[in-house]
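Student: Spelled out, the chains give:
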Amino acid sequence: MSERFDVDAVGDACPIPVVKTLKALRGSAAGDTVATTVDNEVAVQNLFKMAKEKGCSATSEQIADDRFVVTIEVGAGVAVASGEEDAVSCEVAEPESASGIVSGYVVAISSATMGSGSDELGGALMKSFIYVLGQQEILPETILFYNGGAHLTCTGSESLEDLRSFAEQGVEILTCGTCLNYYGITDELAVGDVTNMYVIVEKLSQARRIVKP
Amino acid sequence: MAPGALAQVLREIPSMNNPNVLVGLDTSDDACVYRVTDDIALIETVDFFPPMVDDPFVFGQIAAANALSDVYAMGGTPVLAMNILCFPNCLDVEVAGRIIAGGAEKAREAGVTVAGGHTLTDDEPKYGMCVTGMAHPDRILKNSSARAGDALVLTKELGTGLIMTALKGDLVSEESVLRAVDSMRTLNRTAAECAGDLAVHACTDVTGFGLAGHLCEMAEGSDLSATVSAGAFRLLPESLEMARMGVIPAGAYRNADHFGAGVSFDEDVPTGMEDVLFDPQTSGGLLFALPPADAEVLLARLEDAGVPGALVGSLAPYEGVRVRVRA
Numbered sequence: 001m002s003e004r005f006d007v008d009a010v011g012d013a014c015p016i017p018v019v020k021t022l023k024a025l026r027g028s029a030a031g032d033t034v035a036t037t038v039d040n041e042v043a044v045q046n047l048f049k050m051a052k053e054k055g056c057s058a059t060s061e062q063i064a065d066d067r068f069v070v071t072i073e074v075g076a077g078v079a080v081a082s083g084e085e086d087a088v089s090c091e092v093a094e095p096e097s098a099s100g101i102v103s104g105y106v107v108a109i110s111s112a113t114m115g116s117g118s119d120e121l122g123g124a125l126m127k128s129f130i131y132v133l134g135q136q137e138i139l140p141e142t143i144l145f146y147n148g149g150a151h152l153t154c155t156g157s158e159s160l161e162d163l164r165s166f167a168e169q170g171v172e173i174l175t176c177g178t179c180l181n182y183y184g185i186t187d188e189l190a191v192g193d194v195t196n197m198y199v200i201v202e203k204l205s206q207a208r209r210i211v212k213p
Numbered sequence: 214m215a216p217g218a219l220a221q222v223l224r225e226i227p228s229m230n231n232p233n234v235l236v237g238l239d240t241s242d243d244a245c246v247y248r249v250t251d252d253i254a255l256i257e258t259v260d261f262f263p264p265m266v267d268d269p270f271v272f273g274q275i276a277a278a279n280a281l282s283d284v285y286a287m288g289g290t291p292v293l294a295m296n297i298l299c300f301p302n303c304l305d306v307e308v309a310g311r312i313i314a315g316g317a318e319k320a321r322e323a324g325v326t327v328a329g330g331h332t333l334t335d336d337e338p339k340y341g342m343c344v345t346g347m348a349h350p351d352r353i354l355k356n357s358s359a360r361a362g363d364a365l366v367l368t369k370e371l372g373t374g375l376i377m378t379a380l381k382g383d384l385v386s387e388e389s390v391l392r393a394v395d396s397m398r399t400l401n402r403t404a405a406e407c408a409g410d411l412a413v414h415a416c417t418d419v420t421g422f423g424l425a426g427h428l429c430e431m432a433e434g435s436d437l438s439a440t441v442s443a444g445a446f447r448l449l450p451e452s453l454e455m456a457r458m459g460v461i462p463a464g465a466y467r468n469a470d471h472f473g474a475g476v477s478f479d480e481d482v483p484t485g486m487e488d489v490l491f492d493p494q495t496s497g498g499l500l501f502a503l504p505p506a507d508a509e510v511l512l513a514r515l516e517d518a519g520v521p522g523a524l525v526g527s528l529a530p531y532e533g534v535r536v537r538v539r540a
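Chains as they are written, first to last, in the working numbering: chain A, 1 to 213; chain B, 214 to 540.
The following block holds chain B by itself, in its conformation from the complex (with noise of 0.2 Å):
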């Protein structure tokens, strides 16, 4: 949904007060986490969507990707999956077949049980899952916890919407689409490792809201302001290009409008960037807030994992603005 109407729908649920909740509705965070003992929290996340790819098993790679994500975004460990499999009766069961198994595949990477699900017959195809993950109590990474003077650490390139949305009207290279399937699928777990044991703050997965969006939140959640480099950002292939032709999915658009007031572009941030920043991502990467020394260590073992990453930015005292991007 847009950021505004979600907001409006959520409203519809009352707040139920309960201690052991350490996260969930008010904080836009990714995932809710429950205290189960002083040592044990359980994570809960749900995620499907439709296909952005033709290939069934690939799409369920995708879908299980961005689903796990939302709990390594949390800091915890994914253990437990459930399908969510929507599928029309006039596909071949085959295709559900090959879907199941994409997430599968990922589930088993992951290190994860898929212990069970539900379907459904619907006009057109949805897949993706709920998952459970764990972690210690005190240990949860929410995305609204961020410090002044943390620096911003990002995996995964930037530009999938741009690209799936390209790819309808076959403007791109099929390199460019496979590099971005590549990234959709590839599991957030290996960036997440890598931060494990560093003093990250705060921490989010980028999705459906764009970078912008994402980091608007974050940035307000913590009461802080944030600055990017629009430079500092790495990019799929083709995807600023696709940006500048026009070819942007309404969801950018729909991202702009709600969180555009928070954030501000300098004159001379490159045509096309807005549109990047704003568009919405499939199994996006991790945004890291921690200390600039933590930052080194971490894009060190990102880059030795073979992880993309980036430093972006850093987050300062509020000062009238939650997202300021400059060129």
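Chain A with its partners taken away, still in its complex shape (with noise of 0.2 Å):
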């Protein structure tokens, strides 16, 4: 079923109407369409340009003086759609994924706990902040675990359901094997990879978004 997507770019310099426009072709499929609504003809010209970069075809109505409607086409194959090895589509926002995975996204939990002072108040707040990062639109490519970290993974952590929905929607969830050995809890990682510290250094060093909490 082909949808129509309605962008409202009135009162927007360039490029906002380029970026509005790229960021609704994100979400659309092939057979749908974006009708992007400007008030000039810079921005009219600029949306052609970007249509064709994209390989779709698009048409122009003015609808008043300082009124136009950019209908841009979703052509099959196009390379709007997520995912795709595309520079600006990847730049506009951070690319995101069906299911909201940002690449270069990184959480990074070393302890147990969060934050300082009761270790009781710490574990129910770190149970909670691994819900709620479940919770949002976005979810990180990647959660490293390490030092104290390395308990969460494992059986008897009380995060362990909302980890296994994490792994079940794509996210990667890495222990660091040194800590875990450190702990003696190696064979209870009850979800995800154990991992080492060339992993985690360049999970860190290319991430383009660290979470710590």
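Misleading hints may appear alongside valid ones.
[Claimed, not checked] Cross-link-like lysine to any residue pairs, in silico, SDA-like; alpha carbons within 20 Å at most:
id, chain 1, residue 1, chain 2, residue 2
1, A, Lys23, B, Ser386
2, A, Lys20, B, Met377
3, A, Lys20, B, Ser386
4, A, Lys52, B, Glu480
5, B, Lys381, A, Gln45
6, B, Lys381, A, Ala13
7, A, Lys52, B, Thr484
8, B, Lys381, A, Val10
9, A, Lys52, B, Val482
10, B, Lys381, A, Val42
11, A, Lys23, B, Lys381
12, A, Lys20, A, Gln45
13, A, Lys212, A, Glu202
14, B, Lys381, A, Gly11
15, A, Lys127, A, Gly104
16, A, Lys52, B, Arg514
17, A, Lys52, A, Thr71
18, A, Lys52, B, Pro483
19, A, Lys20, A, Lys52
20, B, Lys381, A, Asp39
21, A, Lys20, B, Asp383
22, A, Lys52, B, Phe478
23, A, Lys52, B, Ala463
In short, the hints are calculated from the structure, not lab data.
Quick caveat, the model's predicted, so the values are computed rather than measured.
Each chain sits in its own coordinate frame; assemble them with the hints.
Tutor: Encoded structure:
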């Protein structure tokens, strides 16, 4: 079933009409149309160039003195969908897949508790943090667990259910092997995979966004 | 202002026919030149604009580099500058101080004394300088005295307008933005010094009219035709991608409207290059017209000095179009 997405870019200066339209295109499928309303000719020309670059066809209609509607038809196999190697759509916002995973977004958890003070409170906060993290529209690509954080991915952790849900949605769950070994809980890992410092350094150094509770 | 509107406004200024005004309004040059004695000419220019970057110090640096550039483009040495600052009441006065400090830093780098200025309350900040330079009256580099057979050498990379537009939509990487910012705040002093003793016939700096617009003016003023190779230009990273993606500032369309009739693009010129060549530049590089042998020397010196330079084309007798862009 083809859909029509309407984008209101009236009053927006360049490059915002293009940014808004790219965002709508990213959520569209072949056969859909994206109709962007703008108030100036420059925006019309810029949208035509963007559509051409994306391999889509575009038409425009002037509906008033300072109102133009640019309609872009999303063709089959057009590189506007998510996950494509597409420099611009990757840069508009962070690249997002259908499940909301944002590439380059890493959460690093270094303790079983959140914040300093009471460990009991800290444990409850961490549990809540992981739960709420899973309720967000965007999900991290990877969650790293090291030092005391390693307990959270092992049997007995109150966050296992939440973490399994992350894993099912394609989020990479990695726990530091040295840390599991140190705490003697290597056999108790219950979600995700074991990793090493090389991978941890690589994930952290190449991340575009790191969240540390 | 858009080039067409500017020309219309400037028609209101009566011609004064002062023989000591060596360069005035009539040739669309970068600055005016006044002969004081047979050995000394004054070069006067003023330039100011609203911020295109968030950091006030960096904005000051860019605005000053841009204002000073006109003197270098005339073959002169800047000596004195006066600040022009428009500033809103609602902003912290410290921000104004940072803008002025950025400008002062560039002035010092140029060996220029900031000797005064004028401030004004305005809704939007604007900053720039009025710059006085000096040169020998016989060594003034106009934009309208290029000769057939000259080679065209351009310094700096093109695409600042595209990158700064893309920045507003968060569409480009931080590295590309930094590269554009560094380019904009770089003085054209070194580039001008590299050309100092060469047989430069004409020079201009590439700013608001874009490379194609300024080259059009040079070719028209010299009654020649220019041919440039699209592939020869050095571009800021991601600028061509932004042009293709339709992230194009309105100024590029205005330039294309005004100068488009004089510029022809071969069919095999890559998509997006037309927009790059009409992209308005902030504090752009110098465009030199000089004999090919001197161009070789200039390019070697620029490379040694770490200034991006490229041989982008050549000039020939007029043949129906002012600027031809080949692939």
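Student: Hint by hint, say whether it matches the structure.
Tutor: Each hint, compared with the structure:
no., hint, verdict
1, A:Lys23 x B:Ser386, "holds (18 Å)"
2, A:Lys20 x B:Met377, "holds (18 Å)"
3, A:Lys20 x B:Ser386, "holds (18 Å)"
4, A:Lys52 x B:Glu480, "holds (17 Å)"
5, B:Lys381 x A:Gln45, "holds (18 Å)"
6, B:Lys381 x A:Ala13, "holds (9 Å)"
7, A:Lys52 x B:Thr484, "holds (10 Å)"
8, B:Lys381 x A:Val10, "holds (17 Å)"
9, A:Lys52 x B:Val482, "holds (16 Å)"
10, B:Lys381 x A:Val42, "holds (16 Å)"
11, A:Lys23 x B:Lys381, "holds (15 Å)"
12, A:Lys20 x A:Gln45, "holds (15 Å)"
13, A:Lys212 x A:Glu202, "holds (16 Å)"
14, B:Lys381 x A:Gly11, "holds (15 Å)"
15, A:Lys127 x A:Gly104, "violated (23 Å)"
16, A:Lys52 x B:Arg514, "violated (41 Å)"
17, A:Lys52 x A:Thr71, "holds (12 Å)"
18, A:Lys52 x B:Pro483, "holds (14 Å)"
19, A:Lys20 x A:Lys52, "holds (16 Å)"
20, B:Lys381 x A:Asp39, "holds (18 Å)"
21, A:Lys20 x B:Asp383, "holds (12 Å)"
22, A:Lys52 x B:Phe478, "holds (19 Å)"
23, A:Lys52 x B:Ala463, "holds (19 Å)"
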